[in-house]
Every structure is written in C-alpha cells, then in structure tokens.
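Novice: If you read the sequences in order, they're chains S and P.
Numbering of the first sequence is given in the working numbering, commencing with residue 255 and proceeding in unit increments.
Numbering of the second sequence is given in the working numbering, commencing with residue 2 and proceeding in unit increments.
FYI, nobody ran anything at the bench for these hints, they're computed from the structure.
Glycine is no exception: its CB is placed at the ideal position from the N, C-alpha and C atoms.
Be a bit skeptical, because a hint or two may be false.
Stated by the list, open to error - Just so you have them, the derived chain P footprint on chain S, three or more residues with Cβ under 8 Å: (1) 262 to 271; (2) 290 to 304; (3) 313 to 322; (4) 387 to 398; (5) 447 to 458.
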Amino acid sequence: MPFNYQLFINSDHSILIEFEGDISEDLLRYILGAAESIHNKPPTGFIELVPAYNSLLVVFEPLEFQPEQALSQIKTTIEQAKPVSAGSSRTIEIPVCYDVRVAHDIDYVADYCGMTVEELIEAHSSQNYTVYMLGFLPGFLYLGGLDERLHCPRRDNPRTKIEAGSVGIGGSQTGIYPIASPGGWQIIGRTPTTMLDIEQSPPSIANPLDNIRFVPISYEEFKKLSEATA
Amino acid sequence: MSIRFIKAGLQTSLQDLGRARFRRYGIPNNGALDPVSLQIANWLVSKPLNSACLEITQVGPVIEFTQDMAIAVTGAHFELSIDDIPVDMHQTLLVNKGEQLTFGKLVNGARAYLAFSAEPDLPIIMNSFSTNLMANFGGFEGRAFNNNDTLNLNNFFMPEAKETPKELQLQFGDNYQIRFIQGREWSCFSKDMQQQFLQTAYQVTSQSNRMGMRLKGSALKTEKPLSMTTAPITPGTIQMPTDGQPIITLADGQTTGGYPRVGQVITADLPVIGQLKANDSISFQEIDLIDALNLLSQKNDFINRLLNN
Chain S
255 MPFNYQLFIN SDHSILIEFE GDISEDLLRY ILGAAESIHN KPPTGFIELV PAYNSLLVVF
315 EPLEFQPEQA LSQIKTTIEQ AKPVSAGSSR TIEIPVCYDV RVAHDIDYVA DYCGMTVEEL
375 IEAHSSQNYT VYMLGFLPGF LYLGGLDERL HCPRRDNPRT KIEAGSVGIG GSQTGIYPIA
435 SPGGWQIIGR TPTTMLDIEQ SPPSIANPLD NIRFVPISYE EFKKLSEATA
Chain P
2 MSIRFIKAGL QTSLQDLGRA RFRRYGIPNN GALDPVSLQI ANWLVSKPLN SACLEITQVG
62 PVIEFTQDMA IAVTGAHFEL SIDDIPVDMH QTLLVNKGEQ LTFGKLVNGA RAYLAFSAEP
122 DLPIIMNSFS TNLMANFGGF EGRAFNNNDT LNLNNFFMPE AKETPKELQL QFGDNYQIRF
182 IQGREWSCFS KDMQQQFLQT AYQVTSQSNR MGMRLKGSAL KTEKPLSMTT APITPGTIQM
242 PTDGQPIITL ADGQTTGGYP RVGQVITADL PVIGQLKAND SISFQEIDLI DALNLLSQKN
302 DFINRLLNN
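Kindly produce the complete structure, drawing on both the sequences and the hints.
Specialist: Next up, the structure:
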C-alpha cells in the first residue's frame, strides 16, 4: 500500500480507514482494492463496505463485532491489498437534454460563467467524468472532472423539489439527482435515463471508477426516451 | 385477506429490521426506528423477530380487518380500542372479520409497532419489506399508507396467545441521557466545546424525521468551519453542521455526510431515540467502546432470556 492510512474505531459496529493523500483515481484504485481484499477475507461479523473519496468504512453486526481482532485482521489484509486495475472500469453514456424547458438554470449558469449556452453545453458534454463514490441519495454518483470554467455556486434558495434525472452544478461538482428530492444545485439539464433501478443488481447505473459521458439530446428525443422508460 | 386503513394516521409505514449491504449504492438501512419494540410485537404473534410490522407515528390509524387474525401492538403507549371497547397493548389480540382497531390518545413514546399473523402480499426489495420513503421503494408502494389504502396479506396462521413479560412492557419518558462514543472529529473540538456538548440539555425539534433527529441547544460553533471530505456515516452518527446544532443520523439517513462527526450513539441506545418526539429533551454521556458493546450484549441477553421463556 503506497498510501499512508489510519484505522479508527468509528462506532460500536464499524471501523473507518482513512487514507492520506489527495483525492485521485490512483488513491481510489487502492481504496477499492482494499475493499475487495477485506470482502474476500472478512473479519468476524462483517456486513458491508462503503468506499468514499479518501476513506473506507467497514460495517459489522454489532453483536458479533470483535474490535481488536477486526482491527489487526484488516491491517494485515490492507498491507497485502493490490489496487484494482483501470481496465475494469466502464464508460457509460448518459443522454442529457439541455433544453431550457427542463434546464431551469442553464441561462443563469451560462451568464455566471461568462459563456453562451452552446459553449456551456459543449464544455459540460465534452468531458469524461470519473465516478468517485456513491452516497447522499440512493444511486447518486459523486463525479470528478468538472471543467473549472463551469464552477458555479449553489442557488441561494434551494428548491423544495427537483425532478429525478435533473443534472446540476453545485460549486465544483456536477451530478444527477437519481430521485426527486429537495436541492440547491443549479439545474442545467435532465436525463431520461433511470439512475436507480431497484429491480437490478446492483441498483445503480454505475460504480466507482466508471467513466460517465453526457451526450446532448434534443427536447423531442428527451420526451420520447422519457416515455420509453416510464 | 387484508387490512384496510380507514384513517392512515400521521405516518404509518411497513418496516422490518431493514436492509443491509446496499450502503455503497447510497441506500440506507431503513427499517424500524425502535427495533426492540418491533421484535417484541413479532414475538407476540409467533413470527420471526425480523418480520414486517406497521410502524405507527404519533397519530395512529383506524384499521379494519377483513378476516379473523391475531395482532399485537408494542412500542409507544397508545390508548387502543376494538369496536370502541378498550384493549391493552403488549398481548396477542384476536380480531374478528369486520372489526375496527382505533389508535386513540398517545400516552408516551412516539412510535408503535403492529404485528399481524400473516405476510404482506408485496415484493421483497433488497432483502426487506421496509419502506424507503425518500426514494419511494419497498413496503407498500414505497410510501406511507393513505386513508382507504388496503394492505393485502397472505400465509395467514393462528398463533397461540401470549403476553409481553412485564419487564419488556416498555414505557417511555421525555428526557433521556443518550450514550455515545467519540466520533472521528471529536478531538477537533476544544475541551470547552466538548464540555459544553456534554452539559447541554438538547431539545428534539419538529424538523426531525426518519432520516435524522435534529436537536436544538446552545450552538457549538468552531471559529472556522472544519473542512471535511464527504465520508461514510451510519445510523447513530452525531453530525455537527455549521449552525452548531447536532443531527443524529437515523435508519433512513444518508449513507455519507460532510459535517464533523462529534460522536456515535451506541447501538444499545438507538431504539429509544426512535421513541422521542418534538420538545423531548436529551443529553449526551460519553462512554468507551467496550462498555458500549457490553451494554448491547447485556440488553440483547435480557430480551432473549425473557422472550425464550
């Protein structure tokens, strides 16, 4: 393990592993490699793993949790862990309609960023985004790679309801609301793709390390595809 | 066979002990906020202890049974009646076709659990009948029940009648000391602020729900906001947002968070949190990990001993 890390007792049913170093795909590959090793050699009472930007949570059944044993076993396992290979990641294309009829804040964001709407769409859809982690909402992907020119603060007044599939920008992040929810991001588009499918295993459209590309579609295509997935 | 909601109540949803192994997809546990009361209810109708119950919140429903069956109600203390005749909680109740169960006044606690001697005729989503109210899946159409909804049941059976052992006929107060172990960012707060956290009587606010319990007390603000990278959290995580008012993550809470983690409520004390409502008060007591695990196993042994007798 080329990254320094520390183990913490996070609760009476979990151990937190924190990795040092900047958030990067390299680090992420090691975190996922560590997760895979722990999964393959689980300590007593092991339930699940939650990987994040620079940490990994190991969750246990509290009645079976043996902290000392689990700490030393996880340490040994991580020492031997290998990073997952870059080849295992997929590229997933997500159609996005940037039409103002569903992209309520696109004019504002273009204005704020000092570009035309066309330039904004071009900048947002020409990038490869890496999935770093899932969280916040069921099926929500934390994406890395937003063009600095598109960074834009959240709305002063969060909306009480944002439609499922809405594509937004919040600060230096871009993402897709997988379900309808309240939210403060600037909405610049919407996808007809189902981001959370509870019938599928896994239920999310992508996993950490996958690449996401946004493919612009017209409002008419959006309508047609929305009906097809409804 | 079914039960029909003449009145649905404030928030009545189907819950069991929840779903595990999906946190990495952003999907929380869901499940009963007071899992102890849920298990006792299931025991009263002789079902596996993790079976699905109705979780009934503060204002209870009026329910009509379309067939004879056995039910049991545990948890928050409600005044109950069947066709206007008062009945007690904490025992197996036999109800006849056409009878109506009415949840009356809430005496104490916040959430009651109603177990029934049948299975919900609903799909199991990610290993659970629990309702995810946020993403609208699981349980009954992914939502809380509305007036006039009908919950279809199957695999009906008639269990023996039982009574909850006296020691487990729980009554709830409005003032609790909740035990926690230090969270990852506990040491980022000054000694004075830690003391303040331990000495504050926090009030439960009305913004609390199944995702989180929002508390109000003297604000704990650091001079500069602590810079945090989004990281995994679990039920019981006490987060301190920038306004200095703590939030306890509950069963429907987000799987990741970006606020400093002051502490972790011990698993043994989480069920009672599910019985608190707006204006109840709590304070926090710090204990160490070994005590937290001992308390949980003692509590578990105590319940198992009583239910196995």
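Novice: It remains to establish, for every hint, whether it holds in the given structure.
Specialist: Verification of the supplied hints:
no., hint, result
1, 262 to 271, "holds (count 8)"
2, 290 to 304, "holds (count 4)"
3, 313 to 322, "holds (count 5)"
4, 387 to 398, "holds (count 9)"
5, 447 to 458, "holds (count 5)"
Hint compliance for this structure: every hint is met.
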